[in-house]
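Novice: Take the sequences, apply the hints, and build the full model.
Residue numbers (this note's numbering), protein chains in the order written: chain A, 185 to 320; chain B, 2 to 111; chain C, 4 to 105.
Just so you know, these hints were derived from the structure itself, not from any lab.
Given the structure is predicted, the values throughout are model-derived calculations rather than measurements.
Among these hints, one or two may not hold up.
Restraint ranges, calculated between C-beta atoms of paired labels, are given here [unchecked claim]:
id, chain 1, residue 1, chain 2, residue 2, range
1, C, E97, B, E26, 22 to 28 angstroms
2, C, E97, B, P105, 38 to 44 angstroms
3, B, T42, A, S303, 51 to 57 angstroms
4, A, T188, B, P91, 31 to 37 angstroms
5, C, G30, A, R304, 37 to 43 angstroms
6, B, D37, A, D315, 40 to 46 angstroms
7, B, D47, C, L57, 55 to 61 angstroms
8, B, K9, A, E260, 15 to 21 angstroms
Derived BS3-like pairs: lysine-lysine, alpha-carbon spacing no greater than 30 angstroms straight-line [unchecked claim]:
id, chain 1, residue 1, chain 2, residue 2
9, A, K237, B, K74
10, B, K70, B, K84
11, A, K190, A, K263
12, B, K84, A, K247
13, A, K247, A, K296
14, B, K80, B, K106
15, B, K84, A, K268
16, A, K247, B, K9
17, A, K300, A, K237
18, B, K106, A, K247
19, B, K9, B, K70
20, A, K300, B, K74
21, A, K237, B, K75
22, B, K9, A, K263
23, A, K262, B, K80
24, A, K296, B, K74
25, B, K84, A, K262
26, A, K300, B, K80
27, A, K263, B, K75
28, B, K75, A, K247
29, B, K35, A, K296
30, A, K237, B, K9
31, B, K96, A, K247
32, A, K262, B, K9
33, C, K61, A, K263
34, A, K300, C, K61
35, C, K45, A, K300
36, B, K70, A, K247
37, B, K96, B, K70
38, B, K35, A, K262
39, C, K61, C, K45
40, A, K237, C, K45
Just so it is clear, CB atoms sit at the ideal spot from N, CA and C, and this is done for glycine as well.
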Amino acid sequence: MSETIKQFLYLNRKAPYGTIYAWESLEVVLIGAAFDQDVSLAFVDDGVYQLTKGQDTAGIGMKNFSPTYAALGDYEVKKIFVEKESLEERGLSLDDLQHLVWEDEDDDYAEKDSIKLVSRDEMAAIMDGADVVFSF
Amino acid sequence: MPIEVNGKSFETDEEGYLANINDWEPGVAEVMSKEDDLELTDEHWDIINYLREYYEEYQIAPAVRVLTKAVGKKFGKDKGNSKYLYGLFPYGPAKQACRYAGLPKPTGCV
Amino acid sequence: MSTLHTVNKSPFEKTSLDACLAHATAGSNVLLIEDGVYAATKGTAVEQRVKQALDSVKLYVLGPDLVARGLSDDRVIDGISVVDYAGFVDLAAENDKVQAWL
Numbered sequence: 185m186s187e188t189i190k191q192f193l194y195l196n197r198k199a200p201y202g203t204i205y206a207w208e209s210l211e212v213v214l215i216g217a218a219f220d221q222d223v224s225l226a227f228v229d230d231g232v233y234q235l236t237k238g239q240d241t242a243g244i245g246m247k248n249f250s251p252t253y254a255a256l257g258d259y260e261v262k263k264i265f266v267e268k269e270s271l272e273e274r275g276l277s278l279d280d281l282q283h284l285v286w287e288d289e290d291d292d293y294a295e296k297d298s299i300k301l302v303s304r305d306e307m308a309a310i311m312d313g314a315d316v317v318f319s320f
Numbered sequence: 002m003p004i005e006v007n008g009k010s011f012e013t014d015e016e017g018y019l020a021n022i023n024d025w026e027p028g029v030a031e032v033m034s035k036e037d038d039l040e041l042t043d044e045h046w047d048i049i050n051y052l053r054e055y056y057e058e059y060q061i062a063p064a065v066r067v068l069t070k071a072v073g074k075k076f077g078k079d080k081g082n083s084k085y086l087y088g089l090f091p092y093g094p095a096k097q098a099c100r101y102a103g104l105p106k107p108t109g110c111v
Numbered sequence: 004m005s006t007l008h009t010v011n012k013s014p015f016e017k018t019s020l021d022a023c024l025a026h027a028t029a030g031s032n033v034l035l036i037e038d039g040v041y042a043a044t045k046g047t048a049v050e051q052r053v054k055q056a057l058d059s060v061k062l063y064v065l066g067p068d069l070v071a072r073g074l075s076d077d078r079v080i081d082g083i084s085v086v087d088y089a090g091f092v093d094l095a096a097e098n099d100k101v102q103a104w105l
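Specialist: Here's what the structure looks like:
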């Protein structure tokens with residue numbers, strides 16, 4: 185069995201509900217999590233809208249998949265990068281987003297933050313460093 | 002084909018999963034397990050109830066790996082392994098237990 | 004001849020809103036729906052453009068689409084009216100036609 189661990193970056197640039205991209209990305213991330221790769225998620229442009237808290241889709245008759253982002257920690261997805269400039273252009277701050285955590289088994293299941301706010305330059309470097317980029 | 006539970010009829014898909022998760026009641030698991038010649042014990046119900054709680058919170062059925070880890074944490078390390086879970090649900094914990102719990106087939110499960 | 008214009012795309016991804024505002028004549032009604040509702044929120048890069056539009060057209064935003072996206076009414080720019088589906092129907096009925104900007 186190959187021991188090669190690749191760095192996978194899932195690039196999310198679409199708002200939820202208006203198109204199917206956000207949900208499709210989440211499904212692929214959850215499926216891909218079974219393959220023991222080094223997974224990072226990037227939220228850029230309208231993609232940052234996927235993480236807003238308090239989403240309630242009862243009025244539009246669609247499945248609310250925002251609670252599923254909180255399961256990412258269970259799937260060993262611990263690196264979620266959110267671009268600062270994208271938030272600011274949309275009048276949002278980190279406080280407007282869900283608080284996502286993962287549990288560190290080696291540290292008595294301590295909850296650690298998954299989301300890291302990064303600048304556009306830092307995001308560019310993260311993209312540059314990835315072996316594979318999946319775009320949604 | 003629909004499933005008959007306590008005089009009610011619930012729609013299922015071609016693989017036997019409930020079409021509507023809100024139709025679920027404990028009788029669904031009883032009827033499905035009887036068809037599989039499986040008697041549900043408290044240990045089975047622990048898993049079924051846990052799956053329902055997980056779905057309620059995250060809106061997905063957990064992958065087997067995630068379920069295994071969570072069961073170990075919640076019900077004791079000796080239970081957090083696939084041998085224990087397959088012992089309870091021979092057709093696979095995710096597939097069979099999720100079906101009994103009225104959940105859709107787990108994402109990524111073929 | 005009154006027209007209800009609808010915009011269902013995010014202003015950060017498509018030019019639908021800009022195109023709509025550039026063509027909507029004074030006194031028109033513009034309803035933001037689906038991903039178009041993001042244009043109605045405060046503090047965005049398009050806020051000034053939207054506020055300017057309020058001088059000549061009446062702007063509405065569909066409430067259920069805001070709520071779905073986790074955006075509360077207090078995030079909506081002053082002067083934009085939040086309507087529900089019944090309000091959408093009323094707008095469609097009150098105007099002579101509906102023009103969608105996709």
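Novice: Each of the hints needs a verdict: does it hold here or not?
Specialist: Here is how each hint holds up against the structure:
1. Evaluation of the 22 to 28 angstroms hint for C/E97 and B/E26 yields a failure: the beta carbon distance comes to about 47 angstroms.
2. A beta carbon spacing of about 43 angstroms between C/E97 and B/P105 agrees with the range 38 to 44 angstroms that was offered as a hint.
3. Separation of B/T42 from A/S303 is about 55 angstroms and conforms to the stated range, judged on CB atoms against 51 to 57 angstroms.
4. Between A/T188 and B/P91, the C-beta spacing of about 34 angstroms keeps the proposed range 31 to 37 angstroms intact.
5. Between C/G30 and A/R304 the beta carbons are some 40 angstroms apart, a value that agrees with the proposed interval 37 to 43 angstroms.
6. Between B/D37 and A/D315, the C-beta spacing of about 43 angstroms keeps the proposed range 40 to 46 angstroms intact.
7. Roughly 58 angstroms separates the CB atoms of B/D47 and C/L57, a value that falls within the hinted 55 to 61 angstroms.
8. Here the CB-CB span from B/K9 to A/E260 is close to 40 angstroms, at odds with the stated 15 to 21 angstroms.
9. For the hint pairing A/K237 with B/K74, the CA-to-CA distance comes to about 28 angstroms; that is within 30 angstroms, so the pair holds.
10. With a CA separation close to 13 angstroms, the supplied pair B/K70 and B/K84 stays within the 30 angstroms bound.
11. The suggested pairing of A/K190 with A/K263 holds, with an alpha-carbon distance near 14 angstroms, which does not exceed 30 angstroms.
12. Distance check on the hinted pair: B/K84 and A/K247 sit about 34 angstroms apart at the alpha-carbon level, beyond 30 angstroms; violated.
13. Note on A/K247 and A/K296: the hinted pairing holds, with a Cα-Cα distance of about 28 angstroms set against a maximum of 30 angstroms.
14. Under the criterion of a C-alpha separation no larger than 30 angstroms, the hint pairing B/K80 with B/K106 is consistent with the structure, at around 22 angstroms.
15. Of the pairs offered as hints, the one joining B/K84 and A/K268 is violated, with about 45 angstroms between alpha carbons and a cut-off of 30 angstroms exceeded.
16. A hinted pair counts as satisfied when its Cα atoms are at most 30 angstroms apart, and A/K247 with B/K9 qualifies at roughly 26 angstroms.
17. Pair hint A/K300 plus A/K237 holds up; C-alpha atoms about 16 angstroms apart against a cutoff of 30 angstroms.
18. Under the criterion of a C-alpha separation no larger than 30 angstroms, the hint pairing B/K106 with A/K247 is consistent with the structure, at around 16 angstroms.
19. Distance hint between B/K9 and B/K70 is unfulfilled; the C-alpha atoms sit about 36 angstroms from each other, more than 30 angstroms.
20. Between A/K300 and B/K74 the CA atoms are separated by roughly 27 angstroms; this keeps the pair inside 30 angstroms, and the hint holds.
21. Taken as a hint, the A/K237 and B/K75 pair is honoured in the structure, with Cα atoms around 27 angstroms apart against an allowance of 30 angstroms.
22. Using a Cα cut-off of 30 angstroms, the hinted pair B/K9 and A/K263 is violated, with the two alpha carbons roughly 46 angstroms apart.
23. Pair hint A/K262 plus B/K80 holds up; C-alpha atoms about 25 angstroms apart against a cutoff of 30 angstroms.
24. Annotation: proposed proximity of A/K296 to B/K74 holds, straight-line Cα distance about 17 angstroms (limit 30 angstroms).
25. Proposed proximity of B/K84 and A/K262 is supported: the alpha carbons are some 28 angstroms apart, at most 30 angstroms.
26. Under the criterion of a C-alpha separation no larger than 30 angstroms, the hint pairing A/K300 with B/K80 is inconsistent with the structure, at around 34 angstroms.
27. Using a Cα cut-off of 30 angstroms, the hinted pair A/K263 and B/K75 holds, with the two alpha carbons roughly 25 angstroms apart.
28. Pair hint B/K75 plus A/K247 holds up; C-alpha atoms about 28 angstroms apart against a cutoff of 30 angstroms.
29. Pair hint B/K35 plus A/K296 does not hold up; C-alpha atoms about 43 angstroms apart against a cutoff of 30 angstroms.
30. Proposed proximity of A/K237 and B/K9 is contradicted: the alpha carbons are some 38 angstroms apart, above 30 angstroms.
31. Distance check on the hinted pair: B/K96 and A/K247 sit about 22 angstroms apart at the alpha-carbon level, within 30 angstroms; holds.
32. Restraint check for A/K262 and B/K9: not satisfied, since their Cα atoms lie roughly 44 angstroms apart, outside the 30 angstroms limit.
33. About 43 angstroms separates the Cα atoms of C/K61 and A/K263, which puts this hinted pair outside 30 angstroms; it is violated.
34. For the suggested pair A/K300 and C/K61, the alpha carbons sit about 39 angstroms apart, so the restraint of at most 30 angstroms is broken.
35. Taken as a hint, the C/K45 and A/K300 pair is honoured in the structure, with Cα atoms around 24 angstroms apart against an allowance of 30 angstroms.
36. As the CA atoms of B/K70 and A/K247 are separated by approximately 27 angstroms, the hinted pair is consistent with the 30 angstroms bound.
37. With a C-alpha separation of about 17 angstroms, the suggested pairing of B/K96 with B/K70 holds against the 30 angstroms cut-off.
38. For the hint linking B/K35 to A/K262, the alpha-carbon distance of about 41 angstroms lies beyond 30 angstroms, and the restraint is violated.
39. Taken as a hint, the C/K61 and C/K45 pair is honoured in the structure, with Cα atoms around 17 angstroms apart against an allowance of 30 angstroms.
40. Straight-line distance between C-alpha atoms of A/K237 and C/K45 comes to about 17 angstroms, which keeps the hinted pair within the 30 angstroms bound.
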